[in-house]
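Number of protein chains: 2
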Amino acid sequence: MNNFEFKNPTKIIFGKDTIQKLETEIPNDAKVLLLYGGGSIKKNGIYEQVKTALSNVEVIEFGGIPANPEYAVLLNALKVIKAENITYLLAVGGGSVIDGTKFLSAAALFEGDMPWDILSKKIRTEKGMPFGTVLTLPATGSEMNSGAVITRAETKEKLGMGGPGLFPEFSILDPQVISSIPQRQLANGLTDAFTHVLEQYITYPNGALLQDRFAESILQTIIEVAPKVLKDPTDYKVASDFMWSCTMALNGLIQKGVPTDWAIHAMGHELTALFGIDHARTLAVIAPSHYQYNFEDKKEKLAQYAARVWNITEGSTDDKAYAAIKKTVAFFHELGIDTKLSDCTKDYEGTAEEIAKRFTDRGWLGLGEHQSLSPDKVEKIVKMAY
Amino acid sequence: MNNFEFKNPTKIIFGKDTIQKLETEIPNDAKVLLLYGGGSIKKNGIYEQVKTALSNVEVIEFGGIPANPEYAVLLNALKVIKAENITYLLAVGGGSVIDGTKFLSAAALFEGDMPWDILSKKIRTEKGMPFGTVLTLPATGSEMNSGAVITRAETKEKLGMGGPGLFPEFSILDPQVISSIPQRQLANGLTDAFTHVLEQYITYPNGALLQDRFAESILQTIIEVAPKVLKDPTDYKVASDFMWSCTMALNGLIQKGVPTDWAIHAMGHELTALFGIDHARTLAVIAPSHYQYNFEDKKEKLAQYAARVWNITEGSTDDKAYAAIKKTVAFFHELGIDTKLSDCTKDYEGTAEEIAKRFTDRGWLGLGEHQSLSPDKVEKIVKMAY
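Chains A and B, in that order, are what the protein sequence lines are.
Residue numbers for the first sequence, in our numbering: 9 to 394.
Residue numbers for the second sequence, in our numbering: 9 to 394.
FYI, nobody ran anything at the bench for these hints, they're computed from the structure.
One or more hints might be untrue.
Pairs involving identical chains hold if they fit within one copy or between any two copies, as the list cannot separate such chains.
[To be verified] Here are the simulated DSBU-like pairs of lysine-lysine, each with C-alpha atoms no more than 35 Å apart in a straight line:
id : residue 1 : residue 2
1  : K135      : K15
2  : K29       : K129
3  : K130      : K15
4  : K245      : K335
5  : K19       : K388
Take these sequences, add in the hints, and give me the full structure.
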């Protein structure tokens, strides 16, 4: 096991009818900016619950944060924060709204001139404006971690940021919100959480027994609940297991003491930046090719994944590892998720070269758990995913 | 899944040669009381490492905290804290030293006259004196939770306490400390952590898929490492898996959203209070009888445990559940741990009645996940364990 440090101070409030607990979590004297997305919370009753719980504090609203939270939109929110002397942020939404709120938490206290520097210069946020979240879409784990990914349409960039100052103070997870999520987004959430675990698990073998078993536990749970939650998102029990699995998939725990990959995400983010493909779907496009291309390095863990998660116990290590990749592809297909770029866009020619060039330009010369995936290898992987 | 709240702010610093990080974790202006046990840290090099790391802060020492941390001894430490205006506590030891330090953290800021009230009146500690730990014996999980158990020889009592103010600010876990732990204590640690998981898992079925799988992951890991760590405690890889499993077994995570039992601990504590039997060994004495006595309520989970942890897939639910109890007993025996009270003391006559009477006197009229184990049932379980 590798040396590690782990601290996650976010308070999770999980369960039925918990949105009302906002009342006791936000300081009475706070001036709150309530951030949300496209307005679905006004149709499914969540907005009403939030407003009722906040009736004793001063609240200003900022809606319209898009999927892949857009820098230009967030700058408008930042102006509101400064003009209104906001002291507390509340994200009501999925990963995009929460990530956008994390950017604002950092930017509100940032002392430089250009908030984009936080992303482009990879400035860690040690202290941000305090914020909480009400999660409306299980997927990204952003509700219990300190990272965010922000998109800038102007430059077609999608970059990550983070730091210990960006943990939510609290996150409210009421699985009842799942009942009104469209099928496409449920499938995205399942795919996103599943791939988060793969990125922290399918690496070279490291022999950290408990971390491996925890990763396998999350994968097994997602596989078990996936068809059920798609069939009946009003099933509270299934929704609870789904929601908690997504949070545990990326709250920092399973990555401690082990190597992690994240090359799938790095490549996937470019597909979103270039084509606007849903984040989760870019992961499903890249993952199979990535595992094929890096087969020799990853086959031991792929075979373990085959045996423990998919119950594939026959054959050689290579046989099991290949079968695991096939099972993963089939799983995504069962969710209605494509695994080839050509199924997502017809305009894919030149994409591999473009992404390789971007990585070269940014100096990203070695991705993956060995930092060995150079831009020319990235080009090959993306091409395999056409 | 049941509603739950989860917040665990302890910073874990895990790995080789991490004791030196004390230097940056304790504030420079702190006046530290360094607490330890019987002095083994002076023989295995840990004391030297701690003192070196603390060379820039003022440190006073208090050694001699016994296993089952004794109230009378802790009161002497409390006098030192007050007389010396101590501002920070550092526990260097196992669960007993850490639990004792938690009591002192609470008692140092307690405003009542009688610190014992914290235990006897179950007063939750919202804010304690800040403290950190250097773990020298994996077992109790105290290094990453906010609970403690204190013993009072005078009244032969052993009672629990806790509260959100009693999380360590940091805990340093260097698996190298395991190389000098005696076999008896290694076996105790394995048994203690294993039983912690059972208490949070072998209940009535609740259907929380991920929590069940996480519990099974810890049990599987302990079973896998147990013979190896006993055979060669200098094997760093095995020591790491053992140490992290013990922490995860009782840091609050796996108990969230599910029913928990803890009747084994309640009965076991009395055996320690009455006879001085090692804590872990009391759990191994009580657990098998407890599961036999409550077989009907627990057989579904016992059968799941049989299948997933012990690979017992043949037979009826009853068959598998019985086999799981037998496997658990055999596992304890392989560790050199007895599972009958008569193997621990010859003076056991009347113990069951005495424990039942104590529970009645304290008003503990219903233990277990249904709060249905009345003192007369406790009497029967303890008798079965003779």
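Each hint tested on the structure:
{"no.": "1", "hint": "K135 x K15", "in the structure": "both (15 Å within a copy, 19 Å between copies)"}
{"no.": "2", "hint": "K29 x K129", "in the structure": "between (37 Å within a copy, 28 Å between copies)"}
{"no.": "3", "hint": "K130 x K15", "in the structure": "both (21 Å within a copy, 28 Å between copies)"}
{"no.": "4", "hint": "K245 x K335", "in the structure": "both (26 Å within a copy, 31 Å between copies)"}
{"no.": "5", "hint": "K19 x K388", "in the structure": "neither (43 Å within a copy, 41 Å between copies)"}
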